[in-house]
Amino acid sequence: MADHPTLEVRNLQTHFFTRAGVVKAVDDVSFTVGRGKVLGLVGESGSGKSVTGFSIMGLVDPPGRIAGGQILFKGQDLAKLDDEAMRKLRGNRIAMIFQDPMMTLNPVLRVDTQMIETVLAHEKVSEEEARRRARDALGMVGIPSPEERLKAYPHQFSGGMRQRVAIAIALLHRPDLIVADEPTTALDVTIQGQILAEVQKLTATTGTSLIWITHDLSVVAGLADDIAVMYAGKIVEYGDVGEVLDAPLHPYTHGLIGSVPSRNRRGEPLRQIPGMTPSLLSLKPGCAFRARCPRAQEDCGAMPDLKPWLPGRLARCHHPHLDTREEAA
Amino acid sequence: MSVYLLRRLIQAVGVVAAMSIIVFIGVFAIGDPVEILISPDADQIERERAIRALGLDLPLWQQYLVFLGKALQGDLGRSFVFNEPALQLILQRMPATLELAIAATVAAILIGLPLGLYAGLRPNSLGAKTIMAGSILGFSLPTFWVGLMLIMVFAVQLGWLPSTGRGETVEVLGLRWSFLTLDGLAHLVMPAINLALFKISLVIRLTRAGVRETMLMDYVKFARAKGLTPFRVTFVHVFKNILIPVVTVTGLEFGSTIAFSVVTESIFAWPGMGKLIIDSINVLDRPVIVAYLMIIVLMFITINLVVDLTYSVLDPRVRLEGK
Amino acid sequence: MSVALRAAPGTPAKDRVETPFRRFVSEFAESKLALLGLAVFVAIALLAVLAPWIAPQNPYDLAVLDIMDGRLEPGSRNGDDTMTYWLGTDDQGRDMLSGIMYGLRISLVVGAGSAVIACIVGASLGLLAAYAGGRTDSAIMRLVDLQLSFPAILVALMILAFLGKSITNVVIAIVVVEWAYYARTVRGTALVERRREYIEAAECLALPTHRILFRHLLPNCLPPLIVIATMQVARAIALEATLSFLGLGVPITEPSLGLLISNGYEYMLSGKYWISFYPGIALLVTIVSINLVGDHLRDVLNPRLKK
Chain A
1 MADHPTLEVR
11 NLQTHFFTRA
21 GVVKAVDDVS
31 FTVGRGKVLG
41 LVGESGSGKS
51 VTGFSIMGLV
61 DPPGRIAGGQ
71 ILFKGQDLAK
81 LDDEAMRKLR
91 GNRIAMIFQD
101 PMMTLNPVLR
111 VDTQMIETVL
121 AHEKVSEEEA
131 RRRARDALGM
141 VGIPSPEERL
151 KAYPHQFSGG
161 MRQRVAIAIA
171 LLHRPDLIVA
181 DEPTTALDVT
191 IQGQILAEVQ
201 KLTATTGTSL
211 IWITHDLSVV
221 AGLADDIAVM
231 YAGKIVEYGD
241 VGEVLDAPLH
251 PYTHGLIGSV
261 PSRNRRGEPL
271 RQIPGMTPSL
281 LSLKPGCAFR
291 ARCPRAQEDC
301 GAMPDLKPWL
311 PGRLARCHHP
321 HLDTREEAA
Chain B
1 MSVYLLRRLI
11 QAVGVVAAMS
21 IIVFIGVFAI
31 GDPVEILISP
41 DADQIERERA
51 IRALGLDLPL
61 WQQYLVFLGK
71 ALQGDLGRSF
81 VFNEPALQLI
91 LQRMPATLEL
101 AIAATVAAIL
111 IGLPLGLYAG
121 LRPNSLGAKT
131 IMAGSILGFS
141 LPTFWVGLML
151 IMVFAVQLGW
161 LPSTGRGETV
171 EVLGLRWSFL
181 TLDGLAHLVM
191 PAINLALFKI
201 SLVIRLTRAG
211 VRETMLMDYV
221 KFARAKGLTP
231 FRVTFVHVFK
241 NILIPVVTVT
251 GLEFGSTIAF
261 SVVTESIFAW
271 PGMGKLIIDS
281 INVLDRPVIV
291 AYLMIIVLMF
301 ITINLVVDLT
311 YSVLDPRVRL
321 EGK
Chain C
1 MSVALRAAPG
11 TPAKDRVETP
21 FRRFVSEFAE
31 SKLALLGLAV
41 FVAIALLAVL
51 APWIAPQNPY
61 DLAVLDIMDG
71 RLEPGSRNGD
81 DTMTYWLGTD
91 DQGRDMLSGI
101 MYGLRISLVV
111 GAGSAVIACI
121 VGASLGLLAA
131 YAGGRTDSAI
141 MRLVDLQLSF
151 PAILVALMIL
161 AFLGKSITNV
171 VIAIVVVEWA
181 YYARTVRGTA
191 LVERRREYIE
201 AAECLALPTH
211 RILFRHLLPN
221 CLPPLIVIAT
231 MQVARAIALE
241 ATLSFLGLGV
251 PITEPSLGLL
261 ISNGYEYMLS
271 GKYWISFYPG
281 IALLVTIVSI
291 NLVGDHLRDV
301 LNPRLKK
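Chains as they are written, first to last, in this note's numbering: chain A, 1 to 329; chain B, 1 to 323; chain C, 1 to 307.
Be aware that a few hints might be false.
[As the list claims (entries may be wrong)] Calculated pairs, DSBU-like style, for lysine-lysine (alpha carbon to alpha carbon, straight line, at most 30 Å):
#1 B:K221 - A:K74
#2 A:K24 - B:K240
#3 B:K240 - A:K151
#4 A:K88 - B:K240
#5 A:K124 - A:K88
#6 A:K201 - B:K221
#7 B:K129 - C:K32
#8 A:K124 - B:K221
#9 B:K221 - A:K37
#10 B:K221 - A:K80
#11 A:K124 - B:K240
#12 B:K221 - A:K151
FYI, nobody ran anything at the bench for these hints, they're computed from the structure. No experiment lies behind these values; they were computed from the predicted model shown.
Make a model of the complete structure from these sequences and hints.
Okay, structure coming up:
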């Protein structure tokens, strides 16, 4: 097992077969997450980043399904597992944290019920033991007086506390991989910082790998090892987080970074990316970013490959920012 | 919580007062009170005496107070036909009606919940479509027509079930019940199903809508992400959430079930208070009519109150609002 | 743009722009089931309207009834061998087919009539509540809530108990039961509509209130009103039949469907099913056909379901 990375996604395709046509929400996506590593999966809403996360969890609902590719979890292809085998992995070896903490806990069940059932779903232990583990997990994510809080209902917690509960649930079985789908987006900035610090500490101590899905580059900057930027269902740039943010290759990444306010560029107008994200139903052939791209040329009518332009740096572009690297800094 | 309870109680008393005024005006102002309250067979002297005794020579608001005062003491007049206190007559018939209504409610939940759950979980299956089409029929068919068809098929053609009456009863706690004997149960089946028909359709629709809505919720997806079995996701996470509206509505509908038992009791000659009220309207036994209306209004308001309180117990979000 | 160009004068008439009414018709025609419902309902209405001319017998004319022909099976010939009772006869020797056609007349008139009155009363009060707001609104809506918290049959029983039984009182009872649905629907829609600019414009022009209400606000509340009205006609017919079945409705000499069914009920146990069965089928087909139309109307006219 040691020679397999925690997760290796190869040419993943997740399509939604709607009446209006086939939506290729995830189209030929590949990436690798090593043990204890953090991958930032960045993109605008509708770029396919959440669907990628759900594909890994095996939680894509009809009319969507995984249409091709492999999801190798420690060498085992999740896309080929049957429902029961996948269920045994979910919440156990692979856990997920959702975006909106107000919505992820069942409002009519007490917190202890929702935690204990997670323990019992994967391990035959006594209810006392399950409760003890639930209490420890709550303590681990920094919830004061966990014993008491176990008996509460979700609506008695604040948003930040609820997200901590959700994280505690994800951590119950010390998973090898956590998929976090914008877990701090719905929270206040101060709470966001606390949660980030908490997660960072936990992954460092437990060796858990993490896929952090977000549209917020500043979160990824401090947290991730690698970054994959998605646009219209495809990865457009992939590489080490520091290098990518310092000198993005793809014009889209370039635009994303430019549209984040920064102290270094005070006084300069914020750059924005013109136009809107394209509808996945009516994608024209060629580079999907072409219509919004300042560097687009004739040859962008053909879809570029995701290829290495620099060592360890991949970009899906015919005209990457190779010469103007100082521009983004 | 207690503030909430108090507010609801005051509301309920208000509605009872309003309804008593409506019934009072209906009987005393729209109809001729002499004709309504005094037996048509009475002679002139008797009428005069009765008018004075009943205070019908007083102004209307005083009459209302007298009516209210007597009603509060449980005196709602005497039946012309049976020459018994109207209230007593109604109360004697009430257990039969309650038994029928409870049986119908239980049937509605036992039949409606599983069908609705199936239709919600497999919305595109043939079975679900059949169930939904059936529920449309359940809504639009007049109850009495279905009752007749039930009798025609199961009592007349097949001869499986008795067509009318309550069958053998057993006395428990001073009241007579049908459902405890085999014969009584056979008599109860058709009326209960007939009365339940509308409610079954309602429960199916509510359950299906609830399931489909809840299945899309993040917390259901999160429950699946925790690796729970589909069984637990469906029967704990989804089910507990849809139970709240279903129980509320079935409870609220209990009052209307009692009201609609008027029709079912007439078809199946079920000796409850619904049959009594129809007979009373037909022979203009108005004290009984007034008593029935007041009792049923009171029941309605009590049911609404109880359902509201149950709701607050079932849904933790409502319960703690008052804190 | 292309639509505007095509609508320019001089283009052939068949290329006309799509009017809202035409779109409504074509959308309605999409459902075969609803079309079937409409066709069946039109056929039933024709049967009812033309009953005096096409019915084999006048069931209200006691002179033509022969008590000797009572309770004959469907398909029997009459005593003089001049006609066939296709659906049998009731205990009075009345031809069931004719009885059903005449009964349909009464059921439809009572059902549609009371639904129209309830619609006028309810829609006016609903409009008033939405437009006036404040106390008027809350008073009307309190009444609506109170009304809707009691089941239809109970309210109808109450009215008939107060007023006595007669066909007029049945209509009154149905109106009292149904007005609240119209009021609630119209108020809901009107509350949304009255915030639109065209009402503001009408108010700026200082148009009289009744003109704003009925010429500007009401037409825009029509789609949901039509849906409710269709459903309520079916409900009114069912309620009238139920009340008549209970013996609280129309007089025995001119029976509606409900009373025909009730009359046959006692003979059903002895196997003479047709006296109740065929009027029941007529009632059922009427109600289901109206509901099929109403159900689809709701889908077509509901703007929320539109893409």
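Results for each hint:
no.	hint	result
1	B:K221 - A:K74	24 Å, holds
2	A:K24 - B:K240	35 Å, violated
3	B:K240 - A:K151	18 Å, holds
4	A:K88 - B:K240	24 Å, holds
5	A:K124 - A:K88	13 Å, holds
6	A:K201 - B:K221	27 Å, holds
7	B:K129 - C:K32	17 Å, holds
8	A:K124 - B:K221	23 Å, holds
9	B:K221 - A:K37	26 Å, holds
10	B:K221 - A:K80	21 Å, holds
11	A:K124 - B:K240	25 Å, holds
12	B:K221 - A:K151	23 Å, holds
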